[in-house]
Amino acid sequence: MTSETRNTGPGRGAASASSTRTAESTQYLDPNRSASPVDQPTTAVRPPSPHPQGEPSDTPRPPTPAPRDAGPLSPLWVWGSPVLAVLAVVMLPLAAATTNLDDLGGWGLAAVLSPFGWAALVLAIAACVVELWSKRPRIPMLGIATTVLILCSFGMPSVVMPQARFTTAWLIGGFVDALAGTGVPPTGVDARFYWPAFFAQWAWFRDAAGVDNLDVVLRWFPAAVVAVWAIGVYALARSMLGGTRAPWVAAWLFLGLNWIEQDYFSPQATGIVLLLTVLTFALGPLATRRTDTAGVAGWPRPHPGSPRLPRWRRWLVSAMTPPNSPTLPPRQLLLIYFSAALCLLAIAPTHQLTPFAIIGQLVVLAVVGRFRGRGLVIVATLGVGIYILIAGRDFWMTQISMITGGGDEGGAIEAGFFERLEGDTGQIVVKLLRALMPVLTWLLAIVGAWVYWKRRRDLVPILLAVVPMGMAAVQSYGGELLLRVILYGLPVLTILAVDALRAFVRADRRREIALGIGMLILFPVLLLIRGGNDAYMDVTTEDVAMTRQAYDQAPPGALVQPLSNVGPYGLEGIGEHNRAPGVEGCTQIANDPLRCIDQMQPQTLLFYESIEKEGVVLNGEQPGWSTRIRDQLIASGQYRATYQNGFNAVLVRVVAPQ
Amino acid sequence: MIGGVLTWLVLALVLVLFGARAWVVETNRGRLTTAGATQRGLTWAVAASVALLVVMAMVNGGLTLTGLLINGEAETGTPSDSAPVVSQQAPAAPAAPAPAPAPAP
Numbered sequence: 131m132t133s134e135t136r137n138t139g140p141g142r143g144a145a146s147a148s149s150t151r152t153a154e155s156t157q158y159l160d161p162n163r164s165a166s167p168v169d170q171p172t173t174a175v176r177p178p179s180p181h182p183q184g185e186p187s188d189t190p191r192p193p194t195p196a197p198r199d200a201g202p203l204s205p206l207w208v209w210g211s212p213v214l215a216v217l218a219v220v221m222l223p224l225a226a227a228t229t230n231l232d233d234l235g236g237w238g239l240a241a242v243l244s245p246f247g248w249a250a251l252v253l254a255i256a257a258c259v260v261e262l263w264s265k266r267p268r269i270p271m272l273g274i275a276t277t278v279l280i281l282c283s284f285g286m287p288s289v290v291m292p293q294a295r296f297t298t299a300w301l302i303g304g305f306v307d308a309l310a311g312t313g314v315p316p317t318g319v320d321a322r323f324y325w326p327a328f329f330a331q332w333a334w335f336r337d338a339a340g341v342d343n344l345d346v347v348l349r350w351f352p353a354a355v356v357a358v359w360a361i362g363v364y365a366l367a368r369s370m371l372g373g374t375r376a377p378w379v380a381a382w383l384f385l386g387l388n389w390i391e392q393d394y395f396s397p398q399a400t401g402i403v404l405l406l407t408v409l410t411f412a413l414g415p416l417a418t419r420r421t422d423t424a425g426v427a428g429w430p431r432p433h434p435g436s437p438r439l440p441r442w443r444r445w446l447v448s449a450m451t452p453p454n455s456p457t458l459p460p461r462q463l464l465l466i467y468f469s470a471a472l473c474l475l476a477i478a479p480t481h482q483l484t485p486f487a488i489i490g491q492l493v494v495l496a497v498v499g500r501f502r503g504r505g506l507v508i509v510a511t512l513g514v515g516i517y518i519l520i521a522g523r524d525f526w527m528t529q530i531s532m533i534t535g536g537g538d539e540g541g542a543i544e545a546g547f548f549e550r551l552e553g554d555t556g557q558i559v560v561k562l563l564r565a566l567m568p569v570l571t572w573l574l575a576i577v578g579a580w581v582y583w584k585r586r587r588d589l590v591p592i593l594l595a596v597v598p599m600g601m602a603a604v605q606s607y608g609g610e611l612l613l614r615v616i617l618y619g620l621p622v623l624t625i626l627a628v629d630a631l632r633a634f635v636r637a638d639r640r641r642e643i644a645l646g647i648g649m650l651i652l653f654p655v656l657l658l659i660r661g662g663n664d665a666y667m668d669v670t671t672e673d674v675a676m677t678r679q680a681y682d683q684a685p686p687g688a689l690v691q692p693l694s695n696v697g698p699y700g701l702e703g704i705g706e707h708n709r710a711p712g713v714e715g716c717t718q719i720a721n722d723p724l725r726c727i728d729q730m731q732p733q734t735l736l737f738y739e740s741i742e743k744e745g746v747v748l749n750g751e752q753p754g755w756s757t758r759i760r761d762q763l764i765a766s767g768q769y770r771a772t773y774q775n776g777f778n779a780v781l782v783r784v785v786a787p788q
Numbered sequence: 027m028i029g030g031v032l033t034w035l036v037l038a039l040v041l042v043l044f045g046a047r048a049w050v051v052e053t054n055r056g057r058l059t060t061a062g063a064t065q066r067g068l069t070w071a072v073a074a075s076v077a078l079l080v081v082m083a084m085v086n087g088g089l090t091l092t093g094l095l096i097n098g099e100a101e102t103g104t105p106s107d108s109a110p111v112v113s114q115q116a117p118a119a120p121a122a123p124a125p126a127p128a129p130a131p
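Residue numbers (the numbering used here), protein chains in the order written: chain Z, 131 to 788; chain F, 27 to 131.
If you're looking for bench data, these hints aren't it; they were derived computationally from the structure. Beta carbons: idealized from backbone N, C-alpha and C, even for Gly. Among these hints, one or two may not hold up.
Some chain F residues near chain Z, calculated using beta-carbon distances under 10 Å [unchecked claim]:
# : residue
1 : Trp34
2 : Phe44
3 : Arg66
4 : Val76
5 : Val81
Residues of chain F placed beyond 12 Å of chain Z at every Cβ, according to the derived structure [unchecked claim]:
#  : residue
6  : Gly62
7  : Ala63
8  : Thr64
9  : Gly67
10 : Trp70
Using the sequences provided together with the hints, build the complete structure.
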């Protein structure tokens, strides 16, 4: 009920006084305030001044009423969560030392993770739950417990693996490398360079720090950026749900359901931070609600038996009724406008899809009159439109099919799910679990939307979650589109799901135990799903050193290619060593190695252990398949090995390319 | 090129006018004396600048893009987000490989 804590003007003061008082009472943390069966939502506004207007400010404030149960907490509640959190962190180095990554297979990280790693995760969950169950949950402690939970779940790969996993993260690190120094994006290499803000930002950081790589940043980026996302979801949930515990549950549920793995070092990860910031502004301090003086607000009919006015009249009254004004002082409002506009303008050159997701969500909120500052929609639309038109001219002149679809209807769904449903048993199970998670999320959210409607007569949240699905029209974007559509809606979906869970436990408080057990199941499943590809997404320190040495030894402009598109092959040399001639069926050499090598004639060929494992667990190859190709190439006399160690190798062409 | 720069400048003008209008609206909210004339003037200025920006955008590529979207007449390339690296230029002829010592494992 963010909008109810607004100045409603002289004409509506009496009508809204009671609701304003109710909402204002939620500004203070009081776990024993539970007279109403429904927690009132809070807003990110300052508590209202107790002084009536005109009263001198030096009048003593009335004393804050003491909580009814102000007695000391038992040591279990005081020390339980901190001790569990510390134990979880202590387990992490042990997990790193005892996890054998050489055994990574189709089941991914979960199958090889040391018992210490699992213990750390369980302890982190226990730290969160114990603090939340306390009579007086401490916000700083909940924050620390949530941080530990993120470290033990999203950060677990960073803890047990010596380098960042995920090929794309290294490729984007290579994009940053291409911009560092000159600051000019290379042309004709990759469409993502038409949105170079993220690469330029990190190139600037890199140059300013005086370092020549971002390996450490790549490794810890997922945990850090997910922590920022969780803060955004918490802030959103505070506005939409209210209460003191529900927002934390929303943040944890968001973490537990976020298997989508778009948190690697990437523009979209930053784009989602900006998106959540703007959404939090719009649904928090800028939130308003139209008051329908006709007495019947919106459709469908809210109260059984109430007289139904003509629809035209309700629309007219709604359109002519100005939204309530936020209670913030003008300078704070202007600062928020400025920050929101800055975020919206920053998204435009950062990522292709995120601007459209947030603009769509803001349009929904603006149409239903739910936030002040609707000019932000115009600012965002103009900013994005002009950016694409002027700065992205070369992009749309040459790659219009990315916008129009190019006749590839259904491509995103096919690439996002069906084409990925391959591999050994572990791979298939993990991928089916990935498909199951969004279904579970949407089911919970739909129940939550129903609960929200019963409580608030409000359908806007579910609309906010649906809006990003409109982007599915851009079918040619590829399989990751589907993942991002799910991710853009996930914050709102999880908040609705928490409303459903809250209604579920209010019927019987013992059900809270079931939720705790659910959390104990959800996070290990998350670890299984997220780590499912780690057999071929794992990157070792040897891989990185070998790749850097190969680029150092490659002649200027020479083509350097991996056997398959996994591993850190793109960590540098973008624009100089990766301009491969387009050969049909050779998007990766492993598709048809000898023909592709013969036609592409790469100067340097990179072999990683991850390529070998990708073939075995994903493509049904026999173990040792990459070694056989390597031996065949060496035996042909075309290549010689400059480095060999296990499955890792660097082959350099002996015969000059024709 | 000049058209593009001018379009960016007009966008900057739109942002400044939006900011000025927001300042006038918010700082006069709730006062007995409102800045009605200023606010109205800025509203018109914002509308005019947005209209100018739309015209500039249409002249500097908007019409071309619209034509491409409607007719689909464009040289198309492969979407690169799924295919990581797409070559659009002929590869430079590499020099003959120099024998390099094998790195230590």
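Hint by hint, here is what the structure shows:
no. : hint  : result
1   : Trp34 : holds, 7 Å
2   : Phe44 : holds, 5 Å
3   : Arg66 : violated, 15 Å
4   : Val76 : holds, 7 Å
5   : Val81 : violated, 12 Å
6   : Gly62 : holds, 15 Å
7   : Ala63 : holds, 19 Å
8   : Thr64 : holds, 15 Å
9   : Gly67 : holds, 16 Å
10  : Trp70 : holds, 14 Å
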